[in-house]
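Asker: Which chain is which? The protein sequence lines are A and B, in order. Numbering-wise, the working numbering puts 102 at position 102 of the first sequence, and it's gapless, one number per residue. Numbering-wise, the working numbering puts 153 at position 153 of the second sequence, and it's gapless, one number per residue.
None of these hints come from the bench; they were simulated from the model. Mixed in with the good hints there might be a few duds.
[What the hints assert, rightly or not] Cβ pair distances, simulated, as ranges:
#: 1; chain 1: B; residue 1: T280; chain 2: A; residue 2: D27; range: 45 to 55 Å
#: 2; chain 1: A; residue 1: M91; chain 2: B; residue 2: V251; range: 29 to 39 Å
#: 3; chain 1: A; residue 1: E139; chain 2: B; residue 2: R88; range: 38 to 48 Å
#: 4; chain 1: B; residue 1: Q57; chain 2: A; residue 2: R61; range: 30 to 40 Å
#: 5; chain 1: B; residue 1: Q133; chain 2: A; residue 2: A94; range: 17 to 27 Å
We put the CB at the ideal spot given by N, CA and C, even for glycine.
Below are the chains, spelled out letter by letter.
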Amino acid sequence: MKRVFAVAAFALLAACASKTPPPATDDSLYQALGQKPGITRIVEGMLLTVVKDPRIGQHFRNVDPGLLRDKLVEKFCVEAGGPCKYTGADMAEAHKGQRIDPSEFNALVEDLIKSMDAQKVPVPAQNRLLKRLAAQRAEVIDK
Amino acid sequence: MKRRIPLLLSSLALLCADPVLAAGDGRLIATGGATSVEGAAGGGLIPWAVISGYGEQGQWSSTVFGTHVDLPDYNLDVTGLAFSYGNRVEFSYARQRFDLGTLAKKLSLPEDSLSQDIFGVKVRLFGDLIYDQLPQVSLGLEYKHQRDFLIPSLVGAQRDHDVEGYLTASRLFMGAAFGYNLVVNGGVRYSRANEMGVLGFGGDRRDTRSVLKEGSVAVLFNPRWALGVEYREKPDNLSFAGESDWADMFVGYFPNKHLAIVLAYARLGEIATLNNQNGTYLSLQGSF
Numbered sequence: 001m002k003r004v005f006a007v008a009a010f011a012l013l014a015a016c017a018s019k020t021p022p023p024a025t026d027d028s029l030y031q032a033l034g035q036k037p038g039i040t041r042i043v044e045g046m047l048l049t050v051v052k053d054p055r056i057g058q059h060f061r062n063v064d065p066g067l068l069r070d071k072l073v074e075k076f077c078v079e080a081g082g083p084c085k086y087t088g089a090d091m092a093e094a095h096k097g098q099r100i101d102p103s104e105f106n107a108l109v110e111d112l113i114k115s116m117d118a119q120k121v122p123v124p125a126q127n128r129l130l131k132r133l134a135a136q137r138a139e140v141i142d143k
Numbered sequence: 001m002k003r004r005i006p007l008l009l010s011s012l013a014l015l016c017a018d019p020v021l022a023a024g025d026g027r028l029i030a031t032g033g034a035t036s037v038e039g040a041a042g043g044g045l046i047p048w049a050v051i052s053g054y055g056e057q058g059q060w061s062s063t064v065f066g067t068h069v070d071l072p073d074y075n076l077d078v079t080g081l082a083f084s085y086g087n088r089v090e091f092s093y094a095r096q097r098f099d100l101g102t103l104a105k106k107l108s109l110p111e112d113s114l115s116q117d118i119f120g121v122k123v124r125l126f127g128d129l130i131y132d133q134l135p136q137v138s139l140g141l142e143y144k145h146q147r148d149f150l151i152p153s154l155v156g157a158q159r160d161h162d163v164e165g166y167l168t169a170s171r172l173f174m175g176a177a178f179g180y181n182l183v184v185n186g187g188v189r190y191s192r193a194n195e196m197g198v199l200g201f202g203g204d205r206r207d208t209r210s211v212l213k214e215g216s217v218a219v220l221f222n223p224r225w226a227l228g229v230e231y232r233e234k235p236d237n238l239s240f241a242g243e244s245d246w247a248d249m250f251v252g253y254f255p256n257k258h259l260a261i262v263l264a265y266a267r268l269g270e271i272a273t274l275n276n277q278n279g280t281y282l283s284l285q286g287s288f
């Protein structure tokens with residue numbers, strides 16, 4: 001049992017070294033998410049939940065939903081190592097003036113998980129995508 | 001415990017029924033943890049660095065809990081509540097009742113249970129469970145008051161109340177356990193409590209505080225289900241009996257942001273001369 005503690009202490013130290021993940025090196029996550037059609041369904045499912053979500057729906061009221069969907073699909077596709085190019089604004093620029101707080105960021109994460117659950121995306125694949133997006137949180141909140 | 005269950009259930013029903021009561025829910029599910037045996041948010045036997053409930057920046061949150069530990073010769077019942085603000089600070093209160101069962105009969109003890117009040121405060125110093133570069137690190141203080149001090153005093157305990165502190169760190173590593181999320185906690189406690197304080201504080205063998213390590217590791221199979229182990233070092237201040245380090249293996253279920261259920265197998269070892277006190281641990285927590 002003492003070994004558990006040693007592992008715990010080591011892992012916590014290792015956390016201090018973690019930073020934004022580098023670009024995806026292969027397309028395994030892209031495949032796991034169901035390629036472009038799968039990612040499109042995930043994004044559409046998320047946006048349908050988001051606009052009805054009283055916690056964050058107001059942030060999406062003055063946005064062209066088709067354009068937002070296309071940019072998010074590109075974004076997720078690139079993050080997943082897929083053959084896409086992200087043509088939207090960078091994360092900090094895209095969220096400028098929105099003053100998104102930590103609660104609203106988490107609400108979006110929950111709506112994304114809900115959509116991935118509905119698409120039967122396996123939990124490990126969900127975690128891989130969420131990890132990449134979570135690492136960019138500082139560029140999204142409080143802008 | 002039997003009397004407390006209806007109270008707990010009715011309060012749980014109340015919080016599910018009234019959405020107006022739903023205060024802060026800005027954090028992700030399960031990130032407020034369950035409630036540990038001393039009333040602080042955490043696992044089962046040890047506190048974690050997480051702050052109780054689901055409040056984020058500017059949000060209040062509160063929790064109520066009830067825990068029953070069923071051991072071969074004893075029972076431990078704990079009830080309590082906690083308030084937190086802004087994912088920053090947590091105030092907790094817990095009442096522990098340790099039923100002496102077999103021992104009371106065997107030795108014709110003057111009391112058949114030992115109770116204790118625990119007032120706790122925990123502050124998140126820096127970091128975040130999930131997002132920041134640094135793991136979430138929290139500092140906690142607990143004021144404990146043993147309410148039935150006759151038996152503890154007879155076996156060598158030096159005082160019926162004490163203050164102890166703990167420093168603890170928690171981190172969720174995304175996808176670290178074969179693709180599943182891994183939660184790791186590690187902390188140190190500075191305490192001279194005998195069996196958490198149920199048998200008073202300090203003893204005939206040692207009356208100064210010890211630095212005690214505690215830690216846990218859990219895997220999240222999805223955001224709602226966790227499986228993990230915990231370990232807690234304990235002091236050994238009383239000469240009349242040995243005091244074992246504690247360990248447990250638990251399953252945690254978070255069906256929604258209002259309810260947490262933890263079922264565990266707890267290995268508490270020797271308690272007050274009786275060996276092999278290993279049994280089941282069940283805890284319910286309501287958040288609102």
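Asker: State for each hint whether it applies.
Answerer: Against the structure, the hints:
Between B/T280 and A/D27 the beta carbon distance is about 47 Å. The supplied range of 45 to 55 Å therefore holds. The hinted window of 29 to 39 Å between A/M91 and B/V251 holds, with their beta carbons roughly 37 Å apart. The hint said 38 to 48 Å for the Cβ distance between A/E139 and B/R88, and at roughly 23 Å that hint is violated. With their beta carbons about 23 Å apart, B/Q57 and A/R61 fall outside the hinted range of 30 to 40 Å.
Separated by about 23 Å at the C-beta atoms, B/Q133 and A/A94 satisfy the suggested range of 17 to 27 Å.
Consistency with the previously given hints fails for numbers 3 and 4, ordered from lowest to highest.
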